[in-house]
Every structure is written in structure tokens, then in C-alpha cells.
Amino acid sequence: MIGESMYQELILEHYKHPQGRGLREPYDAEVHHVNPTCGDEITLRVKVDDAGQILDVSYEGQGCSISQAAASVLHELATGSTVAQTLSVVDEFTRLMQGRGQVAADEEVLGDAVAFAGVAKFPARVKCALLSWMAYKDAVVRSAAQ
Amino acid sequence: MIGESMYQELILEHYKHPQGRGLREPYDAEVHHVNPTCGDEITLRVKVDDAGQILDVSYEGQGCSISQAAASVLHELATGSTVAQTLSVVDEFTRLMQGRGQVAADEEVLGDAVAFAGVAKFPARVKCALLSWMAYKDAVVRSAAQ
Amino acid sequence: MTSFSLDVEKIRKDFPVFSRELPDGRPLVYLDSGNSSQKPNQVIETMREHLALHYSNVGRAMHVLGAESTEAYESARDRIAAFVGAPSRDEIIFTKNASEALNLVAYSFGPHHWRASGTAAGTDPRFTLGPGDEIVISEMEHHSNIVPWQLLAQRTGATLKWFGVTDDGRLDLDPAVITERTKIVSIAHQSNVLGTVNPVAEVAALAREAGALIMLDASQSVPHHPVNVAELGVDFVACTGHKMLGPSGIGVLWGRAELLDAMPPFLGGGEMIEAVWMDHSTYAPVPHKFEAGTPPIVEAIGLGAAVDYLGEIGMEAVEAHERELTGYALDALREVPSLRIIGPDSLEARGGTVSFTLEGIHPHDVGQILDDQFGVAVRVGHHCARPLHLRFGIPATTRASFYLYNTTGEIDALVRGLHHVQKVFA
Amino acid sequence: MTSFSLDVEKIRKDFPVFSRELPDGRPLVYLDSGNSSQKPNQVIETMREHLALHYSNVGRAMHVLGAESTEAYESARDRIAAFVGAPSRDEIIFTKNASEALNLVAYSFGPHHWRASGTAAGTDPRFTLGPGDEIVISEMEHHSNIVPWQLLAQRTGATLKWFGVTDDGRLDLDPAVITERTKIVSIAHQSNVLGTVNPVAEVAALAREAGALIMLDASQSVPHHPVNVAELGVDFVACTGHKMLGPSGIGVLWGRAELLDAMPPFLGGGEMIEAVWMDHSTYAPVPHKFEAGTPPIVEAIGLGAAVDYLGEIGMEAVEAHERELTGYALDALREVPSLRIIGPDSLEARGGTVSFTLEGIHPHDVGQILDDQFGVAVRVGHHCARPLHLRFGIPATTRASFYLYNTTGEIDALVRGLHHVQKVFA
Ligand SMILES: Cc1ncc(COP(=O)(O)O)c(C=O)c1O
Ligand SMILES: Cc1ncc(COP(=O)(O)O)c(C=O)c1O
Numbered sequence: 001m002i003g004e005s006m007y008q009e010l011i012l013e014h015y016k017h018p019q020g021r022g023l024r025e026p027y028d029a030e031v032h033h034v035n036p037t038c039g040d041e042i043t044l045r046v047k048v049d050d051a052g053q054i055l056d057v058s059y060e061g062q063g064c065s066i067s068q069a070a071a072s073v074l075h076e077l078a079t080g081s082t083v084a085q086t087l088s089v090v091d092e093f094t095r096l097m098q099g100r101g102q103v104a105a106d107e108e109v110l111g112d113a114v115a116f117a118g119v120a121k122f123p124a125r126v127k128c129a130l131l132s133w134m135a136y137k138d139a140v141v142r143s144a145a146q
Numbered sequence: 001m002i003g004e005s006m007y008q009e010l011i012l013e014h015y016k017h018p019q020g021r022g023l024r025e026p027y028d029a030e031v032h033h034v035n036p037t038c039g040d041e042i043t044l045r046v047k048v049d050d051a052g053q054i055l056d057v058s059y060e061g062q063g064c065s066i067s068q069a070a071a072s073v074l075h076e077l078a079t080g081s082t083v084a085q086t087l088s089v090v091d092e093f094t095r096l097m098q099g100r101g102q103v104a105a106d107e108e109v110l111g112d113a114v115a116f117a118g119v120a121k122f123p124a125r126v127k128c129a130l131l132s133w134m135a136y137k138d139a140v141v142r143s144a145a146q
Numbered sequence: 001m002t003s004f005s006l007d008v009e010k011i012r013k014d015f016p017v018f019s020r021e022l023p024d025g026r027p028l029v030y031l032d033s034g035n036s037s038q039k040p041n042q043v044i045e046t047m048r049e050h051l052a053l054h055y056s057n058v059g060r061a062m063h064v065l066g067a068e069s070t071e072a073y074e075s076a077r078d079r080i081a082a083f084v085g086a087p088s089r090d091e092i093i094f095t096k097n098a099s100e101a102l103n104l105v106a107y108s109f110g111p112h113h114w115r116a117s118g119t120a121a122g123t124d125p126r127f128t129l130g131p132g133d134e135i136v137i138s139e140m141e142h143h144s145n146i147v148p149w150q151l152l153a154q155r156t157g158a159t160l161k162w163f164g165v166t167d168d169g170r171l172d173l174d175p176a177v178i179t180e181r182t183k184i185v186s187i188a189h190q191s192n193v194l195g196t197v198n199p200v201a202e203v204a205a206l207a208r209e210a211g212a213l214i215m216l217d218a219s220q221s222v223p224h225h226p227v228n229v230a231e232l233g234v235d236f237v238a239c240t241g242h243k244m245l246g247p248s249g250i251g252v253l254w255g256r257a258e259l260l261d262a263m264p265p266f267l268g269g270g271e272m273i274e275a276v277w278m279d280h281s282t283y284a285p286v287p288h289k290f291e292a293g294t295p296p297i298v299e300a301i302g303l304g305a306a307v308d309y310l311g312e313i314g315m316e317a318v319e320a321h322e323r324e325l326t327g328y329a330l331d332a333l334r335e336v337p338s339l340r341i342i343g344p345d346s347l348e349a350r351g352g353t354v355s356f357t358l359e360g361i362h363p364h365d366v367g368q369i370l371d372d373q374f375g376v377a378v379r380v381g382h383h384c385a386r387p388l389h390l391r392f393g394i395p396a397t398t399r400a401s402f403y404l405y406n407t408t409g410e411i412d413a414l415v416r417g418l419h420h421v422q423k424v425f426a
Numbered sequence: 001m002t003s004f005s006l007d008v009e010k011i012r013k014d015f016p017v018f019s020r021e022l023p024d025g026r027p028l029v030y031l032d033s034g035n036s037s038q039k040p041n042q043v044i045e046t047m048r049e050h051l052a053l054h055y056s057n058v059g060r061a062m063h064v065l066g067a068e069s070t071e072a073y074e075s076a077r078d079r080i081a082a083f084v085g086a087p088s089r090d091e092i093i094f095t096k097n098a099s100e101a102l103n104l105v106a107y108s109f110g111p112h113h114w115r116a117s118g119t120a121a122g123t124d125p126r127f128t129l130g131p132g133d134e135i136v137i138s139e140m141e142h143h144s145n146i147v148p149w150q151l152l153a154q155r156t157g158a159t160l161k162w163f164g165v166t167d168d169g170r171l172d173l174d175p176a177v178i179t180e181r182t183k184i185v186s187i188a189h190q191s192n193v194l195g196t197v198n199p200v201a202e203v204a205a206l207a208r209e210a211g212a213l214i215m216l217d218a219s220q221s222v223p224h225h226p227v228n229v230a231e232l233g234v235d236f237v238a239c240t241g242h243k244m245l246g247p248s249g250i251g252v253l254w255g256r257a258e259l260l261d262a263m264p265p266f267l268g269g270g271e272m273i274e275a276v277w278m279d280h281s282t283y284a285p286v287p288h289k290f291e292a293g294t295p296p297i298v299e300a301i302g303l304g305a306a307v308d309y310l311g312e313i314g315m316e317a318v319e320a321h322e323r324e325l326t327g328y329a330l331d332a333l334r335e336v337p338s339l340r341i342i343g344p345d346s347l348e349a350r351g352g353t354v355s356f357t358l359e360g361i362h363p364h365d366v367g368q369i370l371d372d373q374f375g376v377a378v379r380v381g382h383h384c385a386r387p388l389h390l391r392f393g394i395p396a397t398t399r400a401s402f403y404l405y406n407t408t409g410e411i412d413a414l415v416r417g418l419h420h421v422q423k424v425f426a
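Note that the protein sequences, when read in sequence, are chains P, L, A and X. Numbering-wise (UniProt numbering), the first sequence opens with residue 1 and increments by one. Numbering-wise (UniProt numbering), the second sequence opens with residue 1 and increments by one. Numbering-wise (UniProt numbering), the third sequence opens with residue 1 and increments by one. Numbering-wise (UniProt numbering), the fourth sequence opens with residue 1 and increments by one.
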């Protein structure tokens, strides 16, 4: 059952007015992720400084409002934060998404990303929400490896 | 559901006092049939004269009371009858047995064999009842081929 | 609404789910029967009663409950055989779903060397397959009629070929696809995305001419049209219980007896044998040869109740009702701005399944808002027919599919919902 | 009776079939749970309610009903995983019965040349099999744990070997049977005829030493004992819903995740894929890789309710109760003249299944009269274990099998019936 509408105002806002969209230079790592079940795609770049500060997350993609809005929210949360901090947000977000609606969202950690809590009830949409976040994690790991 | 007890007095009588049991000479054809699901076996011989009169049906076998009694009843019905007559009884008996209890027994044709009507409800027992009758049909066909 | 074919109000009363309210008081508008249908009380009650009072294992048990279960199970086979026009009840094999039925036939083919080595599999030349031999399917197939044949091609080295699909969603019946190397052709009777009903007679004629066997995936036709397997002129037909008012866990394979007899066993186990020794076995006659282990007993009995229900209403009436709904839906959807129907947009040779896209809005969003705001249940995605979507260059569609319990009022609700979706994403 | 372990009177009230009278007013004495068990209201009602109000297809549907069905289906997986002690829920694969689970594993092995040709099947060396390689089973197996391996041996040219059975119905654990050519060992956890519980740890140690995989047919153990698949030290475990208070049409394969990941797909179709193109596919992660097509949704949910029920009562208590019954039955049957027990006649390492012969009376006659005159339902025949009967030189046995709802009074009824049978055929 849908406890609350999945389409929080905040998600629609981000979908209609995506933050930080577009691929920018410079960057340390670029990844391309696809969700084969629904065809959603994202190309994502990160720029990290030596202190582990995220200088930019830039992206381009196509897909449903959830996947697009998730990328936009990610951009806002990550930019200006640190690798360590964002990875723990990614973990919490993943835990929430994979909790099949049984897991309470930690607003302290998640910030705006808490708006996606309703998505967790829909296994098919969880992947949409996670697409950009998994791509981000991948990109950060690769950038560190360089 | 068992409409009536399968163990008609007549069946038990034939089981305890089998008619015409034992393998006898002379004979025109001998067959050996096995029901692999329950291990019932029968060896059966027929002696037919030139006019198509059944002079003897002799048999030896092992198995449950139904298969043993069916052989005994067969011996009584067939001996002294004709090939043509008995084959139509075999057909009627087969029809009854395979009718899953939906088919009314024709007592005129079947005589004592009508006692097996209750068996038709039990797919697993139908083969027991038919074992000797199928063997008989086989033997008669073979004897005619000679 | 008034239906000229069916008393829909009466029918809806048989389906308890329609008496239910969704959260927040939304009514349920169920337009996803192509995915799986709802169940009438007659089916639910038959299953409940059997489980409660008559249940036991079938075939092997000789007591009262065993006899009752066996009788109910085998009588379901009789009724399903009659429903699809099978010449013999023994040609009806119970599987767990249509996918198993399709896989069963695919696994009946073995490489040539099995034949040489006297293996149970592949002893009949019609069921041997090797490099150079061909399997033919189509681009509009459900994954369940694609993947089993891909796996078979991999096992044997045979080549997988397929008919394309035209821009208006019809089978592109290029006669060059089937050749004398073709050993099996397997296509959908009705597409689960396009609604297209394929020209079975023409395909069967091509297959026959080439000496190939032909299988029909009738998962989407048997629930919605009068189907007579004998008249179709094919060798195998698969369908599935849950799409035709029956429970989950039960499917049906029909095959011509002579072929079923020639096929090697598929799953090994209890009930499919005649006699077993440690080093070899002999097998039961069909249908039991293909029903290893305890079958879906209560599920087959439930499906028996479902075909009784459908038979009483009459499949001609079901078909006519869905035709009315489909005509109404095609007209109504044409009015929605930027909506593109994927599949035939006329009523000719098509069933009650309508898939479409809305410009610039992802189907996942369409489906979720329809559900969330209007209680309208449609299916969104590639509907297990990804190659067909690739063919049309789209990742996904929204699909509305109708059944005997649907009304034109529900189609109105869908259209209202689509207008709202467009507003949300404007 | 008074049971020290269970409140049987209370339990019996949960099973509607016990409120039923057989024709002619006979009471029902159900001693055939080894064949299939009866169902409590909790299971029947869960299924009815789901079918009536929450049913839809799983996984693929994004509407309210789809979410409810998916949640119920996947939550059943969670509960079953917990019930059998699976380290991960994703290691629980739903099949249609135990037979399919056993066949699934058998079909995972392919010939060496598949590996060379890069086929999906047979790419992992543990799952390749050829002439000289060995498959090991035992002489006490159910046909469902014999025939799949015979068919595999035929497909690959591997050799089928087996452990014998001792005169008192124990596995003859000749260590020479397993060699370094052995690739898979598959044996019953508990025999469905003898009642014997096999020494899994010893067999597993032999298999491990030889580098072979080991599978357990736990169809007769999971319903009756606390079973923890992780502690058993094996690779695969099969069991079946209908023997453990669940519905027909549902079985379970547990396997170690690492192996399930390495195995090729078995049945192809919807839901088991990641992406499909016309010429190839990629596959979903487990468990979905092995669940092609619409799964037995309501059946899995019913099985979930069954393990909830068993879990609440406690499997230790079920085991203890059956132990009491078995001890009582062995004592009582020993008193019947000319009765011979086939299998262990002590309580050591045995479950609540007692098979026997009566001198000079065919089991088919025994079973039928027990049923007909006393309403006592037992199973007669070879119980899908013909090689075991050949081993003992008998065509068939009569088998009484117990479950949590049985009483010593019912065993008394059996014994009374046996005395009557002897009178009829005297
Ligand atoms: C030991 C054993 N293995 C396998 C099976 C097969 O189970 P199913 O018929 O549910 O496939 C059974 C029961 O029939 C059994 O007792
Ligand atoms: C055309 C078609 N074929 C096959 C299937 C597979 O049926 P099932 O999921 O019951 O195996 C479906 C439905 O999912 C279908 O629509």
C-alpha cells in the first residue's frame, strides 16, 4: 500500500527543475550506468579535491521522474560535502530504499533525500531512485583509485 | 467416494477359491503380463477350437485380491463361450473399469464381472482388475494369428 | 454502462476484489488483466472447499480423500480439455505456468549425438537439433517465448531466427524466414503488448510446408476468445491459469498425442514413471509422463472452476464485450494529446490490450500517478517484451488491458487520469 | 490421548477436514501425511483472503494490488528462509514442488563441450559432467531423487552410482562409493518409506573430501523436525509445501548463494531476466534467475502461513509428539501377527513413518479395507521408491505416517483395522 504519495512536491520540483544537470569539466571520474529493466540511463562525473571535498557532481541522463529527481537531489547533497560524509548518506539512502518500506528514514542523515521514502514500497522503482546514487558511489571509488 | 464396498462377497469368494487356477495343456497361446506399478503378474494360456469356442483358460499369477479374483471370474465366463462373445465382454468390462465410476455396468453382458463395478472408482485398482483380462485379449489375438 | 454482450454488473458481484476500497477511499479500476486476472468467488470457494474437506495427494492414494482429490483433479483436466477443444483429455498437461509449458517443449529437443547414443532425449528425428537447424520465433514475443529458445539454441548449436514486426504492430510475415532447416516455429497467438492477433493459419501453413513443428503461445488468447486447439492446425499450445480467472501456480500445455508420445520426459520424479530400477526407468503414458512429482492439485481444480465459469458466460460473449471496450478505448485514447498507440489502432485482428506512450512522460510515472490518484491499475514497463520495445525505439509503454468485468466507465477513469498526469508533468 | 508435547485436541480444531465424516459415517483417521498433509484454517484462510482481496501479479506490477501481492510473496520468502535457517533470503527459490527443485539442480550440470562453446550452461567446472564423472544417490531414494539423475547421466554420459541399504533399513555407508570422480551426491534426509534419518554429516564429509557437491532431499524432514540448512553442511536442500501444511503447487530449493550464482538458468522466461535482446539475454540475480514466469504466488503465501503455524507450535514439540506416536505405533504393530516392519524398528534416527507387510495379504487389499471399513487412510504400494522395495524383495508395503494432528487413538484404530483385514482374508 502507498502510505503517502510517492510524488512529493520536492521530487516533482527537482524533476521539473533539475539542479546541476549537464556534464561539466574538470572531473576525476566519469561513469555510465543503465537500469536494463526500464531503460533508465545516467552518465555522471565527480570532481574531488585532495582533502576529499566534493567540488562538483555533474550528470546527464534519461528516465522517469524518480531517477531524474534523485540525481538532482544527489547533486545538491553531495556538492560541497566530503567523500566520507556522502558515502554514509549513500549507505543510509540505500538502506532506506531496500527496506521495502519497513525501514524508518533518518532525516538527520538524509536531508531532502527523505522525500524518496515512499519509493521504497515499490521494488520496481527502487532501482530508479538508486541509479544515480550507485553511479555516484562508483565514480567516487574510481576517483579515489586514481 | 466409495459408493459400495469394493470387496463384494463374490470377489472374496473367487480370491479365496480361485476357479481354474493353474497352467494346463494343451494351449494355443501363452502370455505373461506385468503391472509394473504394483508388481502384479499373470501368466495365462488359452485353448480355442476351430469354431472359435474357448475350450480352456488357465493361469497362474500373484497380486492383490482384485487381480486374482478377476482372473478367476474371467476363467468362468470365458470357458465354454466363443472368442467373439468373450471379446465383447472384455470390451464392456474395460469400458466399465475405465469409466471412473461414471459408467453404468451392463449386467446382461458382464454377468459376475459386474461385481467389479466398485473398482472403477479407484484408478490405481483398475489396472489390477484389468490385468488378466488384457492378458486374455492378447492371448486370444495371438492364438488367432497362429 | 450498458454492454450489449454481458451483464457486467452481475459479473462484477462475483469478484470480491471489486467490493474493496483502496487506501484513501479510491475505488479500484483494474485494467491489468493482461498481466493477471482477478478471481471470481466460484474459483476461490472451490479451492477453499477442496483444501478444507477433500484434499489429499492424487493418483497414488487409495483412500476416500485420495479418490476425491484424484477425481476432482482429473475432472478438471476433462473440463479444460473440452474448453480448449482438445481431441483427447490425455493431451492436456498441467504445468506451473505458461513459461514451464514453453520450456517443456524446448527441452524436448536434444542434440543429434543424444540420438546416436540411444538417450531418452532426442531419439525422435523431429526432436533432434544441431548446427544449421533453425528455430523461428517473432520480435513480438513475451520473454517466456524467447529465452527458452535462446537456451535451446545454445545447448544444441541451432540458429534462432525471427519474424519482424511492422510499424503498425503486425507480424511481418516474410516467407523467407522459415526454411527447410526450420524444425520448430513458436509464436504468440495474441501479443501481450500490441493486442495483435497473429494469422496462425498462414504461419502454420509455412511451417507445415517446411516440415517444421509449430507451437502457439496462447497465454493471451485462450482467456479472451473462443479457442479450439484442434482447429488451429498447430502442434503445441501453451496457456496459463492466472490470466483466465484461475489461480496462480497452474498452466497448461496441449500437444498432439502422437508428438507428446514421441517426446522424451522433461522433469523426472514420482508419478511420471512406469517402473524404476536404480539404473534405468520406463515412463508413464501422457499426460502423466510430463507431470513429475505432486502436481498443482488445488490449482488445477481452481482452473477447472474458472473454465466452468467462463464456459457458462460463453467465450463469444466475453470476446464481444472486450471488443466493445477496445473500440471505446481506442476512440477515447485518440483524443488524449500526444498519446501514441503502439499496435494496431483498429479493431481488426486485435484483442483488448492497448499500449501507448505519452510524449515526454515516462510510463513509470504514468502508472504510478494513475494508481496513486485514481486507483487505476495499468501495467507500465516493457511487459516482458523488451525486444518489441527496442523495435519501436522506446524503453517502455503504459498498457491497459480489459476483461469481462471491465466497463466503459473504467476507461473514462483511465482517460481522466491521463489528463491529470499530463497536468502534473506540464 | 494425552500428549506430553502438544495440545493435539486444540490443533485438530484448526484442521477443518477432521470435522468431516466420511461416507457411511466413518470417522477420518488420516495416517497418510507422508504422502501429503492436511491444511489448517490459517493456511486456507490466508490463501482465500489473498485471492479475494489482494491478488495481482508480483514483481512487475506497480499498482496497489501489485505491491500487496509482491509484499506478501516476498515476505513468505523471508519467513521460509528463517524457518529453514537460510543464511540469506535470496537463497530461497520457489519451485512447484520438491521434484522441480531436484530437477533444477540436475539440469544445472552440462556436458564439457558446452563449457568449451561458451554456453550459459556448463561454464562452471563444478557443473560440468562427462563420461567417467560420477553421480551418487542411494537405494532408498524417492523416484524424484532418482530419475532426474538418471536423465542427467544419459545426457552427459556420466555414471550413476548409489549407496545400498542394510537389512534393517539403514544407509550402507560404503566409503568406496564416493570417489574423486564424484561431482554430486544427492540423498534423502529422511526416507519416505523406512522413516530412517540419514547421517548427513558423515555423507557430507565424504562428499567434501572428494570435492563433490551434496544435495539433500529434505521433503520428509523439514515438515517434521527442526532443520537448519546452514548447519547441515550441504550445498542444496529441496523440500515441498504440501507435506508441511502448505498448499499444493509450491516447493522450495535452498542453495548456497555462491553456487546458485554460478549455475546456469534452468527455465527461461519472464522475471528471470535482466535484459533480453532477440539473440541473447542476461539474467536476474538469484532467486529470480530460477523463477521463470508468474510464480505460484498464492501458494508461496500459503506456505508462508504454514511455516508461521509450525513455528508457533515449535518444531521441537512437533518432533517430540511424533516420536511419542512412533514409539507407540512400533510397540502396537509388533503385536500384530505376521506383520513385518520394513525399516528401523527402534526410535533411533528415525521419523514418524512406519511401513510394513502382512504375510500373504497384498498391501492394496490392506489399504482398501482399512479405508473402506475403518476410515483409516494409509498409503499402499511402493511409495515412489520402487528400487527400495526391489531391494527387500517385496512389491509393495503398507505405510502409516504421522503428523502433529495424530493421536495414539488413531494408531489403535489402525491396529484394530489390521486385525480385521486378517480376518477377511483368513
Ligand atoms: C523423500 C521424498 N522426496 C521427494 C518427494 C517429491 O515431492 P513432490 O511430490 O512434492 O515433488 C517426496 C514426496 O512425494 C518424498 O517423500
Ligand atoms: C504472451 C505471453 N506469453 C507467456 C506469458 C507467461 O505466462 P506465465 O507468466 O504464466 O508463465 C505471458 C504472461 O506473462 C504472456 O502474456
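Treat the hints as calculated values from the structure; they're not laboratory data. The reader is advised that the hints may include incorrect statements.
[Unchecked claim] Stretches of chain X that chain A covers, calculated by requiring three or more beta carbons in the stretch to come under 8 Å of a beta carbon on chain A:
#1 177-183
#2 276-287
[Said to hold, decoys possible] In silico DSS-like links for lysine-lysine, alpha-carbon gap of 30 Å or less:
#3 Lys16(P) x Lys137(P)
#4 Lys47(L) x Lys137(L)
#5 Lys16(P) x Lys13(A)
#6 Lys47(P) x Lys16(P)
#7 Lys137(P) x Lys47(P)
#8 Lys16(P) x Lys127(P)
#9 Lys16(L) x Lys10(X)
#10 Lys10(X) x Lys127(L)
#11 Lys137(L) x Lys16(L)
#12 Lys13(A) x Lys127(P)
#13 Lys127(L) x Lys47(L)
#14 Lys127(P) x Lys137(P)
Being a predicted model, the structure only gives us computed values, none of them experimental. Here a beta-carbon is modelled for each residue, glycine too, at the ideal position from N, C-alpha and C.
### Task
Report the numbers of all earlier hints that the structure fails to satisfy, in ascending order.
Hints 1, 5, 9, 10 and 12 not satisfied by this model.
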